[in-house]
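Novice: Here is what each chain is made of, one letter per residue.
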Amino acid sequence: MEAMAIGNETGVHAAVSGTRGQDGGPSEGATVQLVDLHRHFGHTRALDGLTLAIRPGELISLLGPSGCGKTTALRVLAGFEAPDSGQVIVDGNDVGHVPPQSRDMGMVFQSYSLFPNMNALDNVGFGLRMRGVKTKERRRRASDLLEMVGLSKEAKKYAHQLSGGQQQRVALARALAIEPRVLLLDEPLSALDAKVRIQLREQIRGLQTRLQTTTVFVTHDQEEALSISDRVCVMRSGRIEQVDVPSVLYANPATAFVAEFVGTMNRIPGKVTASGVSVLGREVGIRGERRGTSGQAVEVLVRPEELAVGAVGRGAGVVIGKTFYGAVTRVAVLLDGDSAVQVDVSTADAAAIDPGSAVELTVIAREVMLAEPRSSGGTAAGGATGSAPGTPTPGFVPGEPFPADRNGVDDDLSK
Amino acid sequence: MVVAVVPSTIAEEASAQPKGAGRRFSWRKLRWWRGVVLVLTAVFFLLPLYAALRFALEDNLGHLTTAAFTAIVHETGFLGALYLSLRLAAVTMAITLVLVVPTTIYVHLRYPRLLVAFDAITLLPIGIPPIVLIIGVLQSTPFFLKSSPYLLSLEYVVLATPFAYRSLDAGLRAIDLKTLVEASRSLGSRWFSTMWRVILPNLRAALASAMILSLALVLGEFTMASLDLYTTLPVWIVNASARTAHVSVAVSFLSLVLTWLLLFGLSALDRRQFRKFRVVDEET
Amino acid sequence: MTTAGRRLRVPGMGILASRSRTPQPGRERSGLRGLRGLLGLLPFGAYTAIFLGVPTVAVIVGAFQTPHGGLTLKNVTVAVHSPYSNGFVESIELALVTSIVPGILGVFIAYAVHTSRGSFLKRVVSTASGVFANFGGVQLAFLFVASLSATGVVTVWLQDLGIALTTRWLFTFKGVALVYMYFQLPLMVLIVTPALNGLKPAWREASENLGAKGWQYWRYVGGPVLAPTVLGCTLLLFGFGLSAYATARALTAGTIPLTPMQIGNVMNGNVIAGEQNVGMALGLGLIVILVVVLVFYTVLQRRASRWLSR
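Chains as they are written, first to last, in the working numbering: chain D, 1 to 415; chain B, 416 to 699; chain F, 700 to 1009.
The following block holds chain D by itself, in its conformation from the complex:
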């Protein structure tokens, strides 16, 4: 049972020798700027004026639903797509005309990108071979990198003999072998088992922190993005909704879209008043965009931890379920008008709340955001998106492929 060895400082830097870091200290990553990128495919606007400045050495995630343009942005950065207009600037140089071979960026693809006719060691050494590194040196560096991702024993194995998680680790080592200025990850964990995903993302983060490589991570899984990123860029329809550190995105979403995409959010019916909005019998202030005229019915966005359960036994809500999450229990309550909401309650208090009982809910935040009006095909008038409390988790995002166990090999990274 070999735990993935991140390696001690000297081990890591021995593997990443070369033009940078020769003094033994962590090297500075590259500065990347995406300036006003536009790209369309037929009638679809994949990128609609995307502008983003990426700081050296940071891990920034591009997060959004399917079709928001995050992968396109990554591919434009890598050089696989040319934008209709706009610039890509790396370390002050416009690289728009530079082909992917010369951009010095390492990319990890979603799946099955290892060359099938080479073993792990040769795969990792491929980029070095392209750069003319001699065989002995190449093998040494490749093997150091494999050790860095904990797969020294698998050096002679071929892709079809490795599990999904192992393949992605080899792919990661391969991308890092060339000491890229920028590391690009295109949903590298989507095709993996849940348990493997969590282990691997921690390892990616660990490596990235030590190497200080500027990293762009594309994902549709908000839990993933929030847990490992320095900053998260939430995208929608080819544009940026908000770029911020995870805590700010969670606590201060700029738009209703971000608020609902990140973490769990309830939608509760309310009514606009002169100075705010009235919801669940209380009047609270409005944060962000004001929608609608006084008296208009709207939906209000409230987090599970911003609701409180009042006395049990009376009230307009009916408890329909409880889910235990450790210190916190999430209680599902059905309100008038068929909206089901999630409320976080301490487990001690939750003991007294049984399914079927009537409860009263109040909003304990001082300000709430208003939801965007539903587009066509909306379901019931209220409801919640997301799941487990404590950590913001994604729940089911329509269009997200179910991760499948691609082969019978045990993916457990602790082996």
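Heads up, some of the hints might be wrong.
[Said to hold, decoys possible] DEER-style ranges, computed between Cβ atoms:
#, chain 1, residue 1, chain 2, residue 2, range
1, D, H40, F, K912, 28 to 34 Å
2, D, H40, B, L445, 44 to 50 Å
3, B, L595, F, I803, 38 to 44 Å
[Unchecked claim] Which stretches of chain D does chain F cover? Using the computed rule of at least three CB atoms under 8 Å from a CB of chain F, they are:
#, segment
4, 91-102
5, 123-136
[Said to hold, decoys possible] Beyond 12 Å from chain B on every Cβ pair, some chain F residues (computed):
#, residue
6, L772
7, F872
8, K873
9, V878
I should point out that these hints are in silico values taken from the structure, not numbers from a laboratory.
Remember, predicted model here, so these are calculated numbers, not experimental data.
Each residue gets a CB set at the ideal place from its N, CA and C atoms; glycine is no exception.
With chain D fixed as given, assemble chains B and F onto it according to the hints.
Specialist: This is chains B and F only, laid out in the frame that chain D set:
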């Protein structure tokens, strides 16, 4: 006699294009080169067809006439030969359907590990050229079988197996057979109903192309028929060429073109009803 | 729905659906059950054994028999001498030419088609290849008679251009080889196309990302991955080139010595009666060569499917 590989690749081709194929840096050079290759290939293959058509539309004096085509059905022995070939084809296809199809499905379902060995076994007929096979057949067959033309059908099944099997195999790999069968059985369907309602409909394209190519094989098979002394269509064509080359060429041309039309039409249906079922990432 | 307690046993399909009241032991009673399951393979196995196996054995045995039934090596001896040895040599030469050339050209053509957008072209190529490859033999031969015979259309064109083909050019080695191309090339395209489809775009992009230029991708990744399929198919083409009878028969009348033709002549009684056993010895020779080819093909196919299907 040469036999064919079945174009069940039609279905696989749908998935081919790389997603990022939009703008690449040296696309222009590739496009030029590709055009040249395709044009040259087209000329190479269409030329004999054109020549054959021209030839068939001429008479011995070089005048343009459709006499060769209209004379086909009147030529001595043509209808008999065609009818014989069609009967042989029907029997061959029937036996293949009843024998090879269930066996292939069975191996996929019950003994997937034997697939490699089974694959090799279906290749065996390629190791015995038809010319050699017919000698052995004539040597070892009891008289009562030899006196029937359907002996040829029985052997044609063997010739067709490598290709029928490959077509089915490709079709079976593209659907998740095991899951479909288990779902069907868990919902109460017995095995026959499962075959009929679940498995076979999903193999329609593969089955159809396997059948059509078996048809083409039988209609084009000369070696064994000629040595077994039966006048099937190709045997007739060769015999008739001494008398009237124009008609022979006309018949050859027609058989190729008509079969191709049949297959092409089938591929149009194939495209619509056959899609690889996987979760598609709609990411742009 | 099978209820607990009933076993549903279907002849030919083994025990596909069975429930029993008693809980099954952890391991199935593999020995007996496995045996019964194999019964499902019996119909096909028996059919193959009878209609393929028996004739093959007849040929192999006959190769060592005299016309009166005794055992002899004379047939084999005759078979390895002239004129039959010439036949083998010519056949092998023909098979080599018509497998290697289409082997190389076929890859380029398949690649050109593969990189085209639009499914129309691909459907046309795919179906046309199926037809050409399958109808080899007589119908193709006659297309060529129309094109390249003494009065053929293309012959006349070439004469207009000042190129005079020798009369009966079609019936020489080169002519026959050309006709063979017409079923060998499509077969190559048919087999290589799925292999090309199996080349994942991610490999190309990953290689570019790591600094490989186009030719380097093909040299280190694309080429090696395709190689087993291409080699295997070339081998297969060699086998077909060797076995083809109908085309040669329709075109030539024995102008070039080819083993299948010689076998056919022997069987037709065109030569000394009683030489049928020699014909079988020749057949045995072909079988031996082809089985060797098949073995290599199978090995290459396994490698190809391992790399291309994941």
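Novice: If a hint holds in the structure, say so; if it does not, say that too.
Specialist: Going down the list of hints, with the structure as the test:
1. H40(D) <-> K912(F): 28 to 34 Å: Holds - the Cβ-Cβ distance for H40(D) and K912(F), about 29 Å, lies within 28 to 34 Å.
2. H40(D) <-> L445(B): 44 to 50 Å: Once the Cβ atoms are compared, 23 Å apart, the range 44 to 50 Å for L445(B) and H40(D) is violated.
3. L595(B) <-> I803(F): 38 to 44 Å: holds, 41 Å
4. 91-102: holds (count 4)
5. 123-136: Since 5 is at least three, the answer is holds.
6. L772: The claim holds: L772(F) sits with its nearest Cβ about 19 Å from chain B, beyond 12 Å.
7. F872: Per Cβ check, F872(F) is outside 12 Å of chain B; nearest 18 Å; holds.
8. K873: K873(F) clear of chain B: closest Cβ-Cβ about 15 Å, beyond 12 Å.
9. V878: violated, 9 Å
Figure legend: structure checked against the earlier numbered hints; hints not met, in rising order: 2, 9.
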